[in-house]
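**Student:** Go by the hints and put chain W onto chain F.
2 protein chains.
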Amino acid sequence: MKIIVLKFGGTSVGTIEKIKKISKIVTSFVNKKYKVIVVSSAMSGVTNDLINKSRKISDNFNTSEYDVLVSSGEQIACALISGRLNHLGYKSRSWLGWQVPIVTEGTHRSSRIVSIFKKRVLAYIKNGGIPIITGFQGVNFENRITTLERGGSDASAIMIAKFFDAEKCIIYTDVEGIFTTDPNITKKAKKIDKISYEEMLEMASLGAKVMQPASIQDARLNRINIDVKSSFKNIPGTLITKRKNINKNKIITGISFTKNDSKVTLIGVVDKPGVAASIFEPLFKNAINVDMVVQNISADGNKTDLTFTVKSEDLNKVEKLIKNNKKIRFKDILITKNVSKVSIIGVGMITTPGVTYRMFKALSKKNINIQVISTSEIKISVLINKKLVTKAVSTLHNEFKLEK
Amino acid sequence: MKIIVLKFGGTSVGTIEKIKKISKIVTSFVNKKYKVIVVSSAMSGVTNDLINKSRKISDNFNTSEYDVLVSSGEQIACALISGRLNHLGYKSRSWLGWQVPIVTEGTHRSSRIVSIFKKRVLAYIKNGGIPIITGFQGVNFENRITTLERGGSDASAIMIAKFFDAEKCIIYTDVEGIFTTDPNITKKAKKIDKISYEEMLEMASLGAKVMQPASIQDARLNRINIDVKSSFKNIPGTLITKRKNINKNKIITGISFTKNDSKVTLIGVVDKPGVAASIFEPLFKNAINVDMVVQNISADGNKTDLTFTVKSEDLNKVEKLIKNNKKIRFKDILITKNVSKVSIIGVGMITTPGVTYRMFKALSKKNINIQVISTSEIKISVLINKKLVTKAVSTLHNEFKLEK
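Taken in order, these protein sequences are the chains called F and W.
The opening residue of the first sequence carries number 10 in the working numbering; numbering runs sequentially from there.
The opening residue of the second sequence carries number 10 in the working numbering; numbering runs sequentially from there.
Okay, chain F solo, but in the shape it has when bound (with noise of 0.2 Å):
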């Protein structure tokens, strides 16, 4: 039993019409002898719609009740999906969270899939139906509606391919798949054609907004292919999966960028066991997102520099929560505005020596220059002036002959 999931987002599902299309979609599988299973988003615009009905409603929303007011969006997208293939003649019944029963744990608004209970779904595809199950939403042990922590439908779609066994994931979504940098940027970006894991997990939490991270991690752990494709073309899109899958032809798979992050520097820090602690604990505990760290070492050996980013909205609130804190103590904090990360991410460059160099020497050729280095297995990062991130990225695209 070849079974496939397809995954539909917001806008795949955003009106009338296209869930007509998509329903097209989901036919033709079927046509081609697949067992289909739907996973559906909420039409876009009724997620927000009940959000905002909820902050009318109270600034500190119920989170269990929250739960049960979104969730109502996939339950009429699955609804509609299901009365549209009925409508062509198919056998399709839409299956709520609790229904299948998918059960989470965790709190309500992030909670986590640990069970998928397929009995009933699997005796109902194996007589030619199609189940479209509702993403983004599962019951705990308490019989109450849940909803996902990061990752959303997303999660859903890869969690049931895990439990059904699925041969394929495909992640229907308003763009194209997973380019070499944001085309906005550069027209020389190019859809890539297969992405590993890893670097798919670069490119997301860099910047690349097609899918989260965490249903990413989630795929790489269950090894499952992922195509993410257009749910308005029918053309190939990009094919996440594992490293041994992909001919490594390319040194580089892909450029990422961040825009309105700031700079902080602290100088003068005085160096002892923890201090790195001390100035991210309130930032943490403000839920503050702190990206490249950099400590410079203390030219005396006892005081020290110390280089973060964090997102430019914060970044008042972390003026003032580092000048409140009193467990460190500086000479002087330094503030630098709109500045950006760029990043190239490739699993080649583990076997390929020299790219940190041409990297460098391609954006010093064009008078850019590197505000802060941080680099990993997979991907180097560079903090340059906002201004810059075009010409940047164009730069890089070009070195790394992304567009062949």
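Derived by calculation from the structure, the hints in this document are not laboratory data.
You may find that some hints are simply not true.
[Said to hold, decoys possible] Straight-line Cα separation of at most 30 Å, DSS-like style, residue types lysine-lysine; simulated pairs:
id, chain 1, residue 1, chain 2, residue 2
1, F, Lys27, F, Lys281
2, W, Lys135, W, Lys199
3, W, Lys65, F, Lys41
4, W, Lys33, F, Lys62
[What the hints assert, rightly or not] Among the chain F residues that face chain W by a calculated CB cut under 7 Å, a handful are:
id, residue
5, Lys65
6, Phe70
7, Ala88
Heads up, the beta-carbon is just placed ideally off N, CA and C, and yes, glycines get one too.
**Tutor:** Chain W alone, transformed into the frame defined by chain F:
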């Protein structure tokens, strides 16, 4: 334990502001030491919007998916109410039909509540919680969401009042209660303090749109006191109760009327057993509602004249069905459009002779011609020219002193 059921209709929860307002009604009862169960409809407009979506998907939308779709409306309203009560510092949670569970039988879109498993909700109430239960929906033995037949959320509220042995069920709506007649017809129309189930049934089925007859019948069978009140004004409403609870100081309780009826008379019908059934069978099969039926005694014992009324919008269809009906023979068909039925209703007429005479005399004094008469134990209906409805209602309102 004094349990009270508060049911809010769509207009009572139609906006965020209204949800905030009715939440205060709920807490006022909690503060008076009542154990409150809330039953809510969907926010007004939401259900229609969902139905419109289903129509765009299919002109024959799958009924079980229809139930999944529209049931989301009450889910949203209940989550918001519960969220508001939590915001105000009260312990509250939503209970969807399947969570209670409210078990239904029958087909989708027109299920009936057969059982309510109250154990968990009752424990919650005893622990000081305010359950907010979705009206209009339940779950069937296949674990699928169902919606109810006629009566909708009112039926849910009344069945919940029954199963939880509630002291009273208050139906909050957008009117102040039940009036002696439509205030748009005569300004003398007065709110009724108490009305018997039987009278209310006649009022409801004759045009007063406040409550569906099916729910009143449920209340009657289970002897549940219903208070119909405005959710916007804090003033007494109308109590629907058993006859014994009412001081019968009035002969007539109210006057109702229809609009847009048509009268059909078949002249010279060959009178043989089963002929009436033959006439009405095709109308029944086409879901056409036949209202007043009068058959005159045939002069020669062989032929008879038969008169009945239907909604004017059904008239063309009725005419075609009658003329194409091979099973009946008649001399002629007479059609009178633009007639209305005016009814006086009151349990008092059982014990008071001469009511019919007073009604006919009052109408005749105003030159209002009566075309057809039909009576039951507690009501007298007459068919008149539609143009004369206002005059007739005012005349009868005065005659029976309903303004006092």
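**Student:** Each hint: holds or not?
**Tutor:** Status of the hints after comparison with the structure:
1. F/Lys27 x F/Lys281: violated (59 Å)
2. W/Lys135 x W/Lys199: Violated, because 40 Å separates the two Cα atoms, which is more than 30 Å.
3. W/Lys65 x F/Lys41: Holds, because 28 Å separates the two Cα atoms, which is no more than 30 Å.
4. W/Lys33 x F/Lys62: Distance of about 18 Å is within 30 Å: holds.
5. Lys65: holds (4 Å)
6. Phe70: Check passed: Cβ of F/Phe70 comes within 5 Å of chain W, closer than 7 Å.
7. Ala88: holds (4 Å)
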